[in-house]
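Protein chains: 2
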Amino acid sequence: MTKLDISKETPKWIGTGLDNDVVLSSRVRLARNLANTPFPQKLNREEKLKVLKKIDEAVDATELKKELKLIQLDGLSPLEKQTLVERHLISPFAASGENGAVYLSEDQTEAVMVNEEDHIRIQCLSTGLNLEEMLQKANRIDDLLESRIDYAFHERNGYLTTCPTNVGTGMRASVMMHLHGHVAANKINEVISNIAKIGLVVRGVYGEGSEAGGNLFQISNQITLGQSEEEIIQKLSTVTKQLIDQERMLEKAIYRANPLGLEDRTMRSLGILKYAKKLSVEEALKYLSTLWQGINLGILQEIPLETIVRLMILVRPAMMENLRQKLDQSMDIDVLRAGIVRDQLK
Amino acid sequence: MTKLDISKETPKWIGTGLDNDVVLSSRVRLARNLANTPFPQKLNREEKLKVLKKIDEAVDATELKKELKLIQLDGLSPLEKQTLVERHLISPFAASGENGAVYLSEDQTEAVMVNEEDHIRIQCLSTGLNLEEMLQKANRIDDLLESRIDYAFHERNGYLTTCPTNVGTGMRASVMMHLHGHVAANKINEVISNIAKIGLVVRGVYGEGSEAGGNLFQISNQITLGQSEEEIIQKLSTVTKQLIDQERMLEKAIYRANPLGLEDRTMRSLGILKYAKKLSVEEALKYLSTLWQGINLGILQEIPLETIVRLMILVRPAMMENLRQKLDQSMDIDVLRAGIVRDQLK
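For the protein sequence lines, the chains are A and B, in the order given. For the record, in the first sequence the residue sitting at position 89 is 89 according to my numbering, with numbers rising by one throughout. For the record, in the second sequence the residue sitting at position 53 is 53 according to my numbering, with numbers rising by one throughout.
Among the hints, a few may not be true.
When chains are identical, the list treats them as one kind, so a pair holds in a single copy or across two.
Claimed, not checked - Quick list of in silico lysine-lysine cross-link-like pairs, DSS-like style, CA-CA up to 25 angstroms:
#, residue 1, residue 2
1, K286, K274
2, K274, K3
3, K252, K278
4, K235, K326
5, K42, K197
6, K326, K137
7, K48, K8
8, K326, K346
No wet-lab data here; the hints were simulated from the structure.
Put together the whole structure using the sequences plus the hints.
Printed below as a string of structure tokens:
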């Protein structure tokens with residue numbers, strides 16, 4: 001097997017960003033619907049195509065035409081759709097629905113989903129902590145589309161959305177964080193319950209709240225009504241920064257409490273990943289998460305953090321299945337996963 | 001730390017011997033006592049020195065003079081004594097007693113313990129399965145000593161010994177075997193109880209009967225009376241050969257049943273040993289035992305079995321403590337163990 005170029009298999013937008021020792025990515029998503037048109041669930045195939053046509057005309061008439069490329073989800077296999085989900089480019093909802101479509105920018109940082117839960121979902125993604133810029137980017141696309149499309153909008157309630165929890169700004173902002181220190185120090189449940197009190201929510205990205213998910217958590221706003229987009233982003237940013245400080249402090253405290261134990265754990269994780277002949281997704285995420293921490297603490301110096309982050313996306317089931325079909329269909333998925341990880345850490 | 005020459009730190013006699021994919025060593029030991037002299041426990045320091053003097057005169061008057069070198073155990077620290085025990089050159093009994101001495105040959109395959117449980121214990125050791133030759137070597141030393149010393153001997157009972165279980169031939173023959181397959185297939189307890197029925201006994205070398213001992217077992221004769229030395233050796237050899245065949249079969253069957261699982265386990269063990277920053281003796285023995293099996297099955301080809309065997313002796317507590325005192329007294333023993341293992345497997 002020739003060495004895989006994992007930067008081609010994982011989202012292009014992964015790289016070096018602000019605070020990316022703790023924050024994997026920032027995302028802003030705006031939900032919009034066409035005026036005088038039932039929500040997607042109420043539409044048949046014909047009507048959905050009409051919605052897409054309307055949006056396509058708007059894209060076509062603006063500078064978005066040069067920036068975004070249309071992908072019709074119906075033309076994709078379930079696996080290809082799931083791969084887009086694991087790259088965080090479409091939602092699981094879009095992957096499971098019918099007659100969906102997505103516009104993607106070349107660098108995959110901008111996406112406009114069509115006929116998902118809402119007619120339009122604008123998503124802007126970035127590496128590291130970068131919420132303000134993502135809001136600006138999403139607003140630009142939103143403004144361009146709105147210049148050509150009548151949105152469903154209510155004077156008092158704001159943007160109307162399929163799910164009432166999105167009504168108002170229609171905005172969901174989120175950051176994906178690696179909280180190894182919080183999990184190791186048994187602080188994660190405290191964070192989850194404290195954050196809920198201020199209208200934010202923490203979820204395990206892969207496997208709820210457990211170490212099995214590589215200690216990746218998504219923090220997002222729950223409230224979309226009664227606060228401006230800027231206020232929400234401001235609050236999420238502030239909380240994220242507090243969590244980053246706390247995470248760095250916890251990581252260092254854990255290291256100080258038992259340096260040898262942590263170095264041993266880090267190096268054993270590296271040894272296992274470098275030699276295992278098969279790896280489950282849970283194991284891979286667990287050991288990769290330990291390496292991430294080891295890199296943050298300076299224990300591991302020869303491996304770039306970006307490699308770990310890309311591997312944590314790449315080892316997930318659909319990504320792996322996708323690679324398996326490209327490389328060797330007869331291959332066991334855990335064997336393929338181990339081979340790719342081994343190869344990248346050489 | 002410069003790379004340690006482990007062949008200098010472990011018994012010289014370790015090397016390539018017959019059936020040494022399963023058998024680490026063969027040993028024959030003869031217990032003898034001087035006529036008309038109380039057993040060592042009944043002797044004071046003066047009387048013990050008299051015994052040693054008598055034996056020394058015998059050694060001096062024969063060709064043994066050129067072959068054996070006297071070490072007085074009283075001149076050694078408890079650690080130095082324990083190190084001789086872990087090298088299987090003296091018995092734990094000799095290490096704990098007073099006024100003991102041992103004659104050692106240059107290659108450490110021949111030893112004559114003085115004032116141990118008996119006045120004289122002749123021991124011949126070899127790598128691999130080699131009981132007949134060890135008996136011949138022990139008999140030669142025995143004959144040479146007997147040409148100058150009157151042994152305590154009874155017409156009907158044979159050689160008289162302190163412990164009644166040695167009366168008769170005074171011979172204890174044993175083989176040290178690596179029975180990874182038997183342990184993995186849950187057959188070891190069956191073997192232990194079956195072997196007891198024919199007058200042989202199986203013991204875990206390090207940690208009774210459990211995997212913690214690196215799956216090393218010693219099989220020896222229980223009976224010393226009513227059978228000739230040759231008959232006993234013959235029986236032990238036959239049983240050992242059956243166990244070797246059975247072990248090879250079990251190893252292969254386990255591999256066939258789950259090749260990927262075994263390769264994965266082998267390679268992970270290698271990864272851990274190559275990267276761990278600290279290692280307990282139990283862990284080290286466990287992973288080294290897995291590598292031994294991996295070498296037997298052809299999974300690991302780049303590591304000589306001799307390295308594994310030497311490491312399995314070297315990682316034990318007194319051996320490590322000895323090295324620690326030589327290399328760096330401030331060093332944690334588990335860290336030193338991990339460092340030495342890492343280094344040898346590079």
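Run the structure past the numbered hints and jot down the numbers of the failing ones, going up.
The structure conflicts with hints 4, 5, 6, 7, although it agrees with all the remaining ones.
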